[in-house]
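Following the hints, position chain E against chain A.
Each chain, letter by letter, is given below.
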Amino acid sequence: MNAALTLSNITKRFGDLVANDDVSLSLDKGEVLALLGENGAGKSTLMNILFGHYIPDSGSIHVFGEPLTPGDPRAAIARGVGMVHQHFTLADNLSVLDNVTLGTESLLSLRASRAQATATLQALSQRFGLQIDPYALVRTLSVGEKQRVEILKALYRGAKILILDEPTSVLTPQEVAQLFATLKQLVAEGLSIVFISHKLDEVLAISHRIAVLRSGKLVFEGNTSDATKAMLAQAMVGRDVEPIQRREASHASADVVLKLDAVCATSVESRVALRDASLEIYAGEIVAIAGVSGNGQTLLADVVCGVSQVTSGEVKFKGKPMALNVREAIAHGIARIPEDRQHVGSVADLSVWENAVLPRAGDVRFSRWGVLNARAARAHTNELVHAYDVRLASIEHPIRKLSGGNIQKLILGRELSEAPELIVAAQPTWGLDVGAVAFIHSQLRDAAARGAAVLLISEDLDEVFALADRIAVMSKGCLSEARAAEAWTMQSIGLAMAGESDARSERHAA
Amino acid sequence: MNEFLSLLIDHEFWVAVLRIATPLIFGTLGVLLCERAGVLNLGIEGIMVAGAFIGWLTVYSGAGLWFGVLAAALAGAVFGALHALLVVRLPLSQHVAGLGITLFATSISYFAYRVIFPKVDSPPKIQAFDDMSWLPIPILSEQTPLTLVAMSLVPALWYLLYRTPLGLALRAVGESPQAVEAQGINVVRLRTGAVIAGSALMGVAGSFLTLAAFNSFFFNMVNGRGWICVALIVFASWRPGKALIGALLFAFFDAAQLRLQQSSGGVLPYQLYLMLPYVLSIVALVLVARKAAYPQALMQPYVKGTR
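As given, the protein sequences belong to chains A and E, one line each in that order. Per this note's numbering, the first sequence runs over residues 1 to 510. Per this note's numbering, the second sequence runs over residues 1001 to 1307.
Keep in mind that the hints were calculated from the coordinates and are not lab data. Careful, some of the hints might be misleading.
[Claimed, not checked] What follows is a list of derived Cβ distance ranges for each label pair:
#1 A:A361 - E:L1274: 44 to 50 Å
#2 E:Y1110 - A:A379: 56 to 62 Å
#3 E:L1090 - A:S60: 31 to 37 Å
#4 A:E66 - E:V1288: 50 to 56 Å
#5 A:V268 - E:Y1110: 42 to 48 Å
#6 A:S58 - E:V1286: 56 to 62 Å
#7 A:V268 - E:V1096: 47 to 53 Å
#8 E:L1090 - A:S253: 57 to 63 Å
#9 E:Q1300 - A:S106: 57 to 63 Å
#10 E:G1241 - A:A484: 55 to 61 Å
#11 A:G158 - E:Q1296: 24 to 30 Å
#12 A:A361 - E:V1303: 29 to 35 Å
#13 A:D349 - E:K1304: 20 to 26 Å
#14 E:K1304 - A:S253: 28 to 34 Å
Everything numeric in this text was worked out from a predicted model, so none of it was measured. Where is the CB? At the ideal position from N, CA and C, for every residue including glycine.
For reference, chain A alone in the conformation it holds in the complex:
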C-alpha cells in the first residue's frame, strides 16, 4: 500500500451545521492532492481535524497505515503531518529561528541547542531553495517570506505530509510561481502535499489529483488530467457558473470626481506609509487599485474616506479641497465599503436596523432633536433588505448573526442607496461565496453606469480585470500610474505588485 494518508468517513458537526459529511479521501506518496471548495465548504474543518485541532464526530484517520489519535496536534506532528495555515501562526516579534524551533524541544530542557538548530535550518533552506535569514524578526519579513518560514517550520519537524491552506491567496503571481517550484521539489523528494484552494487555474497547474467539497460533502474526486475548469466550477458551486464577464468599458465623463495630488500619509495601524500618491477618478468609471494587502491600500482608502489624515499633498473632491474628516466625507456623499466588514463596516452587537442607519443616524430622516426615529430607521432598513436581497430572520437581531455575504449586502445597500458620487470599496468580495460576489459586482457596475466614480481596492486580480476601466498598482506605499485595463498583462501587473520598477513593467507590457 502506497497511501501516505487516508481519511475514512469523517463527519463533523457544529451544532446544526454539518461541516464534514462522511468524507473519505486518500493521498499517495509523492502526490499533490488539491482540495477544492468554496468558502464554508468544509475544507479547513477537514484539515483542522487531520491536524488535531478538532475532534471528528465519527470516522478515522490513518497516516502511513497507522491510526492517528484524534484531537492531538502533537500526535499529528510526530507522524509527519505539517500544516501551513492560511493565517500564519507565527509570532511577529520573535526571530525566524525562534519561530521554527518553538515546541521542538522538551520544555523541561535547561538549554536550547541554538547552534545546532541554526545549522539544521540553514541546511533545510539550502536543500529546498527557501532562502531566509534565521535571525530576522518575523515582522520584518514579506508575506512570501513568512510563508517560507511556515514551510520550513513544518520541514524542520520532519513533515512528510504537508498541508497548505489557501497558500496563494496573499502572494503575487511571481511569488506563486516560486511557491509552485518549491512544491514540485518537495514532491520530488518524496513528500506528499494537500493543496487547499478555491482558485481553479492554480489547482489545475499544480495538482495530480483533485477532490471537491461542497457543503461538507465530497462531490468530485478524479485525476487532474481528466478535469476541466468548467466541470470543477460546476462541482464546487453545484450549478453552472458563467465565467466572470469582463465589463464593457464605460463612457467616463470628463468630470473629475476625486483627485489625489502627491498625497503622503502615515498611520499607526499601517506599517507602510503612503508616498506621493496621485490619482484622478472620473465620474462613471471604475478604477481598481491592485496589490498584495498590506502595501498601503487600506491607508489610501482611509485617506479618501476621511479616516486618516494626509501629511502632505491634497485631496480634491469635485475640484474642491476636501476637509479630511469622516463627517465631511459622509456629508459629501462618499460611500465607504471598508475592508473589515465585521469590525469597521458594522458594529457586531447592534441590531441590523441600527447598523443600517448608523453613518447617517444624525440625518433628519432618522432623528430629530437627537432622538432616534426608530420607525423611520426600521422602514428604511426593510427597504434596503428587500432591494439588496439581504437574507435574515429579523432586522432586530444583532448583525453578527448574519453571514459575511449578507452583512456585506447590507453595507452595500446602506451606502449605494444614498446615490453616492464616489464609492470607495475595499476588498468588497473578500471571503464571499460566488452568488454574493456576482451580486456585489453587478451593483458596483450599475453604480458606475449611473455616473458614480468607483475606487475599487482588491487583491483578487480576476476581480480587478473583470471590473476596472483603469488599474493602478500599489506596492510598498507607492501608487503606480493608472493605466487602461487592456494595457496590463498578468505578467506586468505581477511585477508591479512586487515593486519592480515602472520601466521594466512597461517593457513587459509592450
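Just chain E now, kept in the frame of chain A:
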C-alpha cells in the same frame, strides 16, 4: 543643587536606593512573567499585601525567616492560580479579575490580621533578616539576603526567557497563542504556570516589606508599590535587565525625595516631594514607552479553535 550632588557620593543614600528597589525588582519580574505570557495581572497590589502578611505571620508563629518567604511565595501562587482560573481558563476580563484579586487579597489579609490580633496597640514585631555584613561588597553588605536573591533573579530569568525552550514558548504565547497551540503546546497550561510563578514572585516582593525592610505588618504598607511595578514593566519593555534598571531608577528618585524632604527644612509641603518619583516615572514612561513593543497577545484571551 549641591545637596543633590552630595547625595551621589553619600554611602547611606545608595544603601537606601537598593533597599527601596528590592521589592520593586521582585514585583516587576513577577509582572514580567505574567505579561510575557500575555496575561495582565493587576492583582499584584493585593498579592503583595497577602505576601507581606502571610510571610510575617509565618515567622511570627515561630517558623524561620526563609520559611516565611516560602509561605509568602505560596500565598502569591494561590492568588495567581485563582487569577489564572478566572482569566486564562474561563476567560474573563483581565482588568476586572485583577482588580478583584487586589481588593480580595488586601481585605482578607487585613481581616485575618484583625481576627488574629484583635487588641494590639502597636504592631507585634518579629526578628527580621539581618544585613549580609559578611559580604565584602560595600553597599550590598548592608542589605538583607533577599536583595541578593532579587538581583540574581534578573540573569536567571533572562536565561530562562532567552536560552531555554520553555522561555521561548513563554515569549511566543504572549505574542501568538495560535503559534504555540499549532506546535502542540498547551496554551492554557503554559499561561497558568506563568501567572502562578509570576504571582509567587509578587508574594515574595510583599514579604520583603515585613521580613526585611520592617519587622512588623501594618495596614497600607504596600502603598502602591504594586502599581509602580505594572508601570515599570512598560518602561522596561518586558526585559529583565531593563526591569532592574527601572526599579533602581525609581528607587533612586524615591530615596532622593526622602532626603530632600529632610534637608529642605519644611519650605515646601512634603507632599510635593512624595509626588516627585511618581511624576518622574510618568515622564520616563512618556519618553520610553511610546516605542514600547507590547507583547502582541497581551490581554487577549485564547479560546481553542478560534482566531
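Do the hints match the structure? See the list:
With their beta carbons about 48 Å apart, A:A361 and E:L1274 fall inside the hinted range of 44 to 50 Å. Between E:Y1110 and A:A379, the C-beta spacing of about 60 Å keeps the proposed range 56 to 62 Å intact. The given range of 31 to 37 Å is respected by E:L1090 and A:S60, whose C-beta atoms sit roughly 33 Å from each other. A hinted range of 50 to 56 Å for the beta carbons of A:E66 and E:V1288 is consistent with their spacing of about 54 Å.
Checked against the hint of 42 to 48 Å, the pair A:V268 and E:Y1110 passes, with Cβ atoms roughly 43 Å apart. Look at A:S58 against E:V1286: about 59 Å separates their beta carbons, and that is inside 56 to 62 Å. At about 27 Å, the CB distance of A:V268 to E:V1096 disagrees with the hint of 47 to 53 Å. Taking 57 to 63 Å as the suggested C-beta distance range, the pair E:L1090 and A:S253 conforms, at roughly 59 Å.
The hinted range of 57 to 63 Å is not satisfied by E:Q1300 and A:S106, whose Cβ atoms lie roughly 27 Å apart. The beta-carbon spacing between E:G1241 and A:A484, approximately 58 Å, falls within the hinted interval of 55 to 61 Å. At roughly 29 Å, the beta carbons of A:G158 and E:Q1296 sit within the given window of 24 to 30 Å. Checked against the hint of 29 to 35 Å, the C-beta distance between A:A361 and E:V1303 comes to roughly 33 Å, which is consistent with it.
Distance hint for A:D349 and E:K1304: a CB-CB separation of about 23 Å, consistent with the stated range 20 to 26 Å. Distance hint check for E:K1304 and A:S253: the Cβ-Cβ separation is about 55 Å, which falls outside the suggested range of 28 to 34 Å.
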